[in-house]
Structure formats: structure tokens, C-alpha cells
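Here are the chains, one letter per residue:
Number of protein chains: 2
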Amino acid sequence: MESAIPPHLQCPRLRHRRVPDDYVPPYPATVARYRSEVTRVAMAYFGIQHRADALAPALAARALHCIAEAFAAATGPGHWDRARCVDAAGYLTTVSIGYWDDPAAYATWFAEHGARWASGAFNDPALGLFTEVLQPAVDRFETLFSADVVEGVAGVSSGLGQPIQEHAYWGGMRDRLALSQTDGMAPEGAPQVVTEGLHQRVLPHGNLCLIRSGQDWTGTQGNERRMYTEEVEPVLRAGMDFLQAQGRQVDCYANRYMAVVDAQGQPVDKSFGMGWWRSLAALERWAESHPTHVAIFGAAMKYLGTMGPAAQLKLYHEVTVARAEEQYFEYFNCHPRTGMLGAVTGA
Amino acid sequence: MESAIPPHLQCPRLRHRRVPDDYVPPYPATVARYRSEVTRVAMAYFGIQHRADALAPALAARALHCIAEAFAAATGPGHWDRARCVDAAGYLTTVSIGYWDDPAAYATWFAEHGARWASGAFNDPALGLFTEVLQPAVDRFETLFSADVVEGVAGVSSGLGQPIQEHAYWGGMRDRLALSQTDGMAPEGAPQVVTEGLHQRVLPHGNLCLIRSGQDWTGTQGNERRMYTEEVEPVLRAGMDFLQAQGRQVDCYANRYMAVVDAQGQPVDKSFGMGWWRSLAALERWAESHPTHVAIFGAAMKYLGTMGPAAQLKLYHEVTVARAEEQYFEYFNCHPRTGMLGAVTGA
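Residue numbers (this note's numbering), protein chains in the order written: chain A, 2 to 348; chain B, 2 to 348.
Be aware that a few hints might be false.
For chains that are exact copies, the list does not tell them apart, and a pair is met inside one copy or across any two.
As the list claims (entries may be wrong) - As a list, the in silico SDA-like pairs of lysine to any residue whose alpha-carbon atoms are at most 25 Å apart: (1) 303 / 12; (2) 303 / 266; (3) 303 / 249; (4) 303 / 114; (5) 315 / 242; (6) 315 / 325.
Please keep in mind that the hints were generated in silico from the structure rather than gathered at the bench.
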């Protein structure tokens, strides 16, 4: 067992972990490990939204093809995937998510390929496009994996590590962030929107928080699959729906409950929630005490308790607390409840 | 809203609270407040155990009468109550619990009346007697009340205070303890037993933890009463049974799920769990992640969510983390799984 915080990011503490040094988690979990040369990653969400009407899907398909081609460039992401959902306003939303472990490569790629995405290159009244990017320093994001599966930002890691100590208790998320050794990561300021015609930027605030929290049930069969589908997923969906519809009550700016799709756009048996939160503390409070997440936690506990070590459901998450200058939000022809726009309009 | 830690116990922090300064709990709760002259309290559990066979109940009744008379002395407790349970070995156990806000008064009273309880004064083969006492400094215990009801150590307070900030999140218990400002309260050492004939003392260890956590459903009626009795209580009982039977797995040395009784020995609609734990951290981990308590929490959340502010169920708890020298454990003719004896025998 090792600390989630790698040795090269450990420092004299100004703040304590929530568990004592002899804490032993009741079951194993691991985190993604990065080469010590990696100082910063990029997580770039390129979204497209449209109604499911006549022409829009074909136009969107062209845009999706373009971004996939751009991802294949030499400076493209080390890992990417794609997922979709229907958002709170009823728009089909598809997000192509690229991950880089090299900010210089990302900057080069973005200048050449990414900047055009939400800047009018796909200007059609039926399409909305958005770019949501975080470029956190390595002390500002953490991961967690229940099984040997690589998803999300772990796709640009050097792989999963040994079982870690800081999990299976409330507060583990914070304790896995290297920055928590010295900083409470309180939010600073409030988001603002700058509108110029169809183009909008959201000016971010310090210590905004992003979570991507996913599940992979491709390996489940029979009773396990039934139990996930019938007993866990509906409770998860209800929680995700709450965050989408009423998340502002709990300082969740925006939430998307997304189905991962393959290269042909077909759903695979994977999903994730991605949520923008005012602060890590707000995410902590919802997770540990809101009835919707208490229900999710209870359903997952029951499921995992029933299945035991034979469970084939794979769980993972990644959480980032970003400085303002590590954030970039751009929206083109999007409805006012899209992503971080909703944080400002309060729509 | 005010801090659970009264101003006269606030000090420069070496350790942070788990919530940010702008945290607002989703519902109100209060704590017992004490005169600033109170530096230490005493919580003294005088227990008697016996089988429910022929003569024992009458003998026990005599002992219970004696301790009640002793409690009425001028130096007696400022508040006391009585409760009973059937323990893990099947013994009917009745505990008379006295609370003092003045250690000198307690010392005087104990020398005159209390010391004899578990020292052979009620020597009968059918009876076991025990004395379990904590005398924590005021920075080493905390309370929590959901409603304007005074129970337990609050009986020697000057009353409940204003709504407090440090509750409704995991870690609130620790954050309400004044000592948490500067100390992690890690356990030190291990308990030992000293046996001399029928008489046994348990030599305690540093930072042992006691919780008394209670519920009062006297005010409930109709559907609320049914919901408490049928949906909450069985889940609570299952968790208490787990701690009694298998608590050692989670570093709970002993647990009693007790029914409060009146002066005539009749149960009233109040109960509490009292548990001895190796550490505050062990109690935290069980409460926030063990399936038995996750189920209790879920049932309570559902109940309170259904009832809303009209709920008449009253909840309270008191938690102490005691130095070794603030603890006193004495057992006379008790079976080896009684209270802290079980911590040593591992029975």
C-alpha cells in the first residue's frame, strides 16, 4: 500500500489527512501514476449540441469527423474518447474529450486545430459548439480506479499504481490531491460571461472543480448485469438528473450524465457523469450528505456487497481543482444553459 | 449560527476543520453549553447483569434501589438516568448513569457511595456488577441535539445553545471537539485487565472513545411512529447487533443498545446505543462507510426527508475521547464479554 500522493509531490504538511497513518482501507483501489517529468496535463472537452431534427445530425457528424481527424495529428491527445447525452434543454450533446500530458503539445495542437472549434468554423443555426478545457498542474488533480481499467486522464499516465491508502472514506478525494497537503482550495471569485455576438467566453474563478466519474459494465453478465441495470443505474440517473436540473442548489454549475460511444457513434456499456462545481467542498458535501448521492452510495454498497470480489463492474473517477488561469470556456451559438454559461445566467 | 467550540475553548489551530468557514448546514442542530467554570465532567455508568432467573431480579432490584438512593445524596449527580438491554451473552443488563459537572463533588460522592458498587458489596453468585467512568476535560467531549431535548451529559449543562455550524457532514463529530483544533487524538497503547478473584480492573489506554447516541420517539404519532418503528428501528437494531456481536472487526470494543426505563423500571419511548471504541477514527470509519451504518444513515435520511420539519423524533449524541487517566473500569463477578473486559479477552 502506498500514498495516493507520489513521493515527488509530497511536502511538509500544513494540513492533515482525514485518516490516521495506520488507516487500512477495507478494499483496494489504485490511482493513475505519471512520469515525474509530467508537470501539467490538459483535459479538453469539445462539445457539439443540436436538436434531433432534420439536418443537424448530418452537420454534427461532419464536425465530429473533423475533430477526430484533428485529434490524429502528431501533437494530438495521447488519449481521447467520446460520449453523448441529452442536456437539460433537450439538446443532443456530443463531447469529444482529449487528454494531453504535455502542455506545449496541447498549446501547439490547440492553436492549429482546437481554437477553431467553437469560434464559428462550424457556423450553422442548428449547431452549438463549446470548448471546455482544464490544464491543471499535477498537484491539482487526482484519480481513483476500482479495477485495472484505464479511462480518462489515466490514458496519458504511465499506468495504474499499487493499492493506495487514501480511499474508502469521505475526504479521500481531497486527501488524494497533492495540493491538499498545504491548501484548503477554497473558491475565489465568481464566473462571468463575455458575449460577442454568437460567441461567448466564461471568465472562470479560482479553484473551480471538475469531476468525471464513470462506470464500465461491459464485463457484467446475468444477475450482476441485471442488478446494475435495474437497481444501481436508475438511482445513479436520478442523482445525475438532480444535478442537471437543480444542481445550483448545491453549487454544482452544470452536470452531464454521458453515454460513452464508439468510433461509429454507438453506445458501449460505459457511462460517466461530468460536473462543474463551484468548489471541491461543494462536491464533498453533495457526495456525502445529499439524499440523491446517499441513495447512489447505498445502492452501490448493496451491489458491491452482494457481488463481493467477483463484481465485474469497474468504477473510476478523476477530480480537478483548477486555478482560474488553468481554465478555458468558450461557447458558440449555444443555448444559455449550456455548461458553464448556466453558472452565470443562473438559467 | 455559532461554532460548536465555545469561545473560551477556541485556540490557534494546528489542524483544520473539514468544512470551509462559509459552510452552512442544511438543517439546524445545537450542542449543550456549559458554564465556563466547568473544566471537567464525570459520566459514570453503574451496571448490573444477571440471568432472568428466579432470585436474581429481586437482588438486582435491591442494588438498583441502593444506587438510586446514593444518587440522591448532596454530592450526587446533577442528572442521571437508567436503561437496560440484553447483552451478547444473554444477560439482562441495567445501567444507572450519573453525570456530574464538578470533579470534586464526583470524587467525594464516589468515595462514599460509588466505590462499593463493583467491589463486592452486592456479592451474590447471580449478580455481576460493573463501573465504567469517564471524567473528560471539557475539550474532550462534544454533544449534538436535533431538538430542544436534554439528555445525557447535557443534563448537567446550562442548556442547549444556538444552532451550530459543525454538523451534517462526516467529520463534524471531530470538529465539534475543542481538542481537534490541535490534536489528532490517535489511540495510545492497548487495554489490559488486572484480575483479583472476582474483581477485575481494566487498565485503559489513551484516547479511548465513548459514544452515547440516542433517540426519543415519545412525541411521534400515527404514520411517523409507524415509520420509525417499522423502517428505522429495525435497521438501527441491526447495526447495534453487529457492533455487539462483531464490533471488534471495526475496533469497537463493546456496544450496548439500551432501552431507557423510568423510575418503576418500565421502558419509555427512548433508546440509545453506547459504545466503547479504540479511537475516534474507528468510530468515524464505521459511521461513514460500514454497510450497517450506511443503512442506518439511509433509513434516517429517508425518514427525515419524508417527515420534513414536522418530524417529532428527537436525536442526540455525546462523544468523548478520554485520556487514560480520565478512565475507570471495574468489573465484579462479570462474564468475560462484559464491556471493556471483552476488549482484552477478545471474547
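Here's how the hints hold up against the structure:
1. For a Cα distance limit of 25 Å, the shortest separation of residue 303 from residue 12 qualifies neither inside one copy, at 38 Å, nor across copies, at 43 Å.
2. For the homomeric pair residue 303 and residue 266, neither the shortest alpha-carbon distance inside one copy (33 Å) nor that between copies (39 Å) is at most 25 Å.
3. In this assembly of identical chains, the alpha carbons of residue 303 and residue 249 lie at most 25 Å apart only when taken from different copies (22 Å versus 29 Å within one copy).
4. In this assembly of identical chains, the alpha carbons of residue 303 and residue 114 never lie at most 25 Å apart, being 46 Å within a copy and 50 Å across copies at closest.
5. For the homomeric pair residue 315 and residue 242, the shortest alpha-carbon distance inside one copy (22 Å) is at most 25 Å, but the shortest distance between copies (32 Å) is not.
6. In the homo-oligomer, the alpha carbons of residue 315 and residue 325 never lie at most 25 Å apart, since the shortest distance is 32 Å inside one protomer and 45 Å across protomers.
Comparing the model with each earlier hint shows violations of hints 1, 2, 4, 6; every other hint is respected.
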